[in-house]
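There are 2 protein chains.
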Amino acid sequence: MIKLIALDADDTLWHNEHMFLETRDRFRELLSEYHSDDWVDERLNSTELRNLKHFGYGIKSFVLSMIETAVELTEGRIRGNQVMEIVGFAKDMSNSPVRLLDHVEDTVRQLASRHQLVVITKGDLFDQESKLARSGLGDYFSGFEVVTEKNCATYESVVERTCGDPSTFLMIGNSIKSDVIPVVEMGGNAIHIPYHTMWEHETVSEDEANKYSFLTAASIAEVPTLVAELSLRN
Amino acid sequence: MIKLIALDADDTLWHNEHMFLETRDRFRELLSEYHSDDWVDERLNSTELRNLKHFGYGIKSFVLSMIETAVELTEGRIRGNQVMEIVGFAKDMSNSPVRLLDHVEDTVRQLASRHQLVVITKGDLFDQESKLARSGLGDYFSGFEVVTEKNCATYESVVERTCGDPSTFLMIGNSIKSDVIPVVEMGGNAIHIPYHTMWEHETVSEDEANKYSFLTAASIAEVPTLVAELSLRN
Numbered sequence: 001m002i003k004l005i006a007l008d009a010d011d012t013l014w015h016n017e018h019m020f021l022e023t024r025d026r027f028r029e030l031l032s033e034y035h036s037d038d039w040v041d042e043r044l045n046s047t048e049l050r051n052l053k054h055f056g057y058g059i060k061s062f063v064l065s066m067i068e069t070a071v072e073l074t075e076g077r078i079r080g081n082q083v084m085e086i087v088g089f090a091k092d093m094s095n096s097p098v099r100l101l102d103h104v105e106d107t108v109r110q111l112a113s114r115h116q117l118v119v120i121t122k123g124d125l126f127d128q129e130s131k132l133a134r135s136g137l138g139d140y141f142s143g144f145e146v147v148t149e150k151n152c153a154t155y156e157s158v159v160e161r162t163c164g165d166p167s168t169f170l171m172i173g174n175s176i177k178s179d180v181i182p183v184v185e186m187g188g189n190a191i192h193i194p195y196h197t198m199w200e201h202e203t204v205s206e207d208e209a210n211k212y213s214f215l216t217a218a219s220i221a222e223v224p225t226l227v228a229e230l231s232l233r234n
Numbered sequence: 001m002i003k004l005i006a007l008d009a010d011d012t013l014w015h016n017e018h019m020f021l022e023t024r025d026r027f028r029e030l031l032s033e034y035h036s037d038d039w040v041d042e043r044l045n046s047t048e049l050r051n052l053k054h055f056g057y058g059i060k061s062f063v064l065s066m067i068e069t070a071v072e073l074t075e076g077r078i079r080g081n082q083v084m085e086i087v088g089f090a091k092d093m094s095n096s097p098v099r100l101l102d103h104v105e106d107t108v109r110q111l112a113s114r115h116q117l118v119v120i121t122k123g124d125l126f127d128q129e130s131k132l133a134r135s136g137l138g139d140y141f142s143g144f145e146v147v148t149e150k151n152c153a154t155y156e157s158v159v160e161r162t163c164g165d166p167s168t169f170l171m172i173g174n175s176i177k178s179d180v181i182p183v184v185e186m187g188g189n190a191i192h193i194p195y196h197t198m199w200e201h202e203t204v205s206e207d208e209a210n211k212y213s214f215l216t217a218a219s220i221a222e223v224p225t226l227v228a229e230l231s232l233r234n
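Chains A and B, in that order, are what the protein sequence lines are. The end of the first sequence is residue 234 by my numbering, with every number in the run present. The end of the second sequence is residue 234 by my numbering, with every number in the run present.
Source of the hints: derived by calculation from the structure; they are not laboratory data. Please read all numbers here as calculations on a predicted model, not as lab measurements. Ideal Cβ placement from N, Cα and C applies to all residues, glycine included. Certain hints may be false.
To be verified - Here are some, though not all, of the chain B residues that point toward chain A, as calculated from beta-carbon distances under 10 angstroms:
#1 Lys53
#2 Phe55
#3 Val63
#4 Leu64
#5 Ile67
#6 Glu75
#7 Ile78
#8 Ala112
#9 Gly123
#10 Leu125
What the hints assert, rightly or not - Some chain B residues judged to face chain A by a derived CB distance under 10 angstroms, without partners named:
#11 Arg43
#12 His54
#13 Ile59
#14 Lys60
#15 Ser61
#16 Asn81
#17 Lys91
#18 Asp124
#19 Asp127
#20 Ser130
#21 Gly164
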């Protein structure tokens, strides 16, 4: 029996990555007088990775990395109004409307009528709480956990405080690396719902993914049927 | 009986506000060629308040507000290397050593031997988890809750998930506004440990504070005795 269903949030419940991609476009445009798109992308990516240990994930750390990259790529010639424009990217992203993926509201309501639901999401606490509040989905969830990393220890701690037994725990999300592998390693169940874009640091190879046993759904609308099958199987 | 003791973190377990004050000094120094210290302070304060709704609390939002203020106060003439220096403030703050307040380690160990302890702190999830890890105190706490606001609803949710009854809950912290008033309003117990500096947006008037019944300690070392008294009284 599945006792606790946990859902990832970004690009599982609501669209998120598109906002980062659109902001990258604006950033390339801003620096187009100085450098090629590819070079701007490459440098921003490496700044982001380097800064993860200082700043973690989320909008604010992304924007601080953009500012740092802009100063470096212009050798300090970036103008004040351009820096302000990048700070403005952070506000635009924070205030961007929350758009649910197709079938999310109906499916979450249906799942909540039969199971205890929680959200487990990586990222910035402020960003994620704000998105949950604006999503209108808050009432369906008994818990909302924002974590800095999704590893075995994170999931074990959730299981310990809730359903008690990993085999009764189901995680649903769009990242094989974060939502599937550590859950399966712990002895839990996972459903992967691929999203059409993925931050490159979240991708894993097909060979790596094939080592783990999990279900895949084309859309969240398929989840209730898969949950019923899982419950019969266990 | 007190069943659950919750402690605030910044300026209750470890020194924190000094780091923001020192960074404010560096910011004033950076802009000293343009404006007086008082005017820089006033403008940074108002930018911070205005940006709370976009960015929340924490190092990254503080630094984004500094960058915005610097561009405004220099009418865009801020130079790239100066912007980079402000981004560097964020890294320096994130990597600053965690210095415990006097008597914290001994007292926390003593409290943990008789009570369940958790941390409830406002701020940025990444910053706070990083500080807890570096503090060496992690093993004494059964929970670590980083929240975006400390209001009655926040504390009620903690009590509901843990000790069940507000009268068995004790909160300890340096902010009357965040650690005392909402807890007392909920029917819980609170011990206030004043810290020598306080972010001005956290202060409350003496008249306001006098409306609430709570204990005060000069140092965390007094807490075990106060907890024993509270347990006898209830």
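Now the hints, each set against the structure:
| no. | hint | verdict |
| --- | --- | --- |
| 1 | Lys53 | 9 angstroms, holds |
| 2 | Phe55 | 6 angstroms, holds |
| 3 | Val63 | 7 angstroms, holds |
| 4 | Leu64 | 6 angstroms, holds |
| 5 | Ile67 | 6 angstroms, holds |
| 6 | Glu75 | 7 angstroms, holds |
| 7 | Ile78 | 5 angstroms, holds |
| 8 | Ala112 | 18 angstroms, violated |
| 9 | Gly123 | 8 angstroms, holds |
| 10 | Leu125 | 4 angstroms, holds |
| 11 | Arg43 | 14 angstroms, violated |
| 12 | His54 | 5 angstroms, holds |
| 13 | Ile59 | 8 angstroms, holds |
| 14 | Lys60 | 4 angstroms, holds |
| 15 | Ser61 | 6 angstroms, holds |
| 16 | Asn81 | 5 angstroms, holds |
| 17 | Lys91 | 5 angstroms, holds |
| 18 | Asp124 | 7 angstroms, holds |
| 19 | Asp127 | 8 angstroms, holds |
| 20 | Ser130 | 8 angstroms, holds |
| 21 | Gly164 | 15 angstroms, violated |
In this structure, the hints that do not hold are numbers 8, 11 and 21, in rising order.
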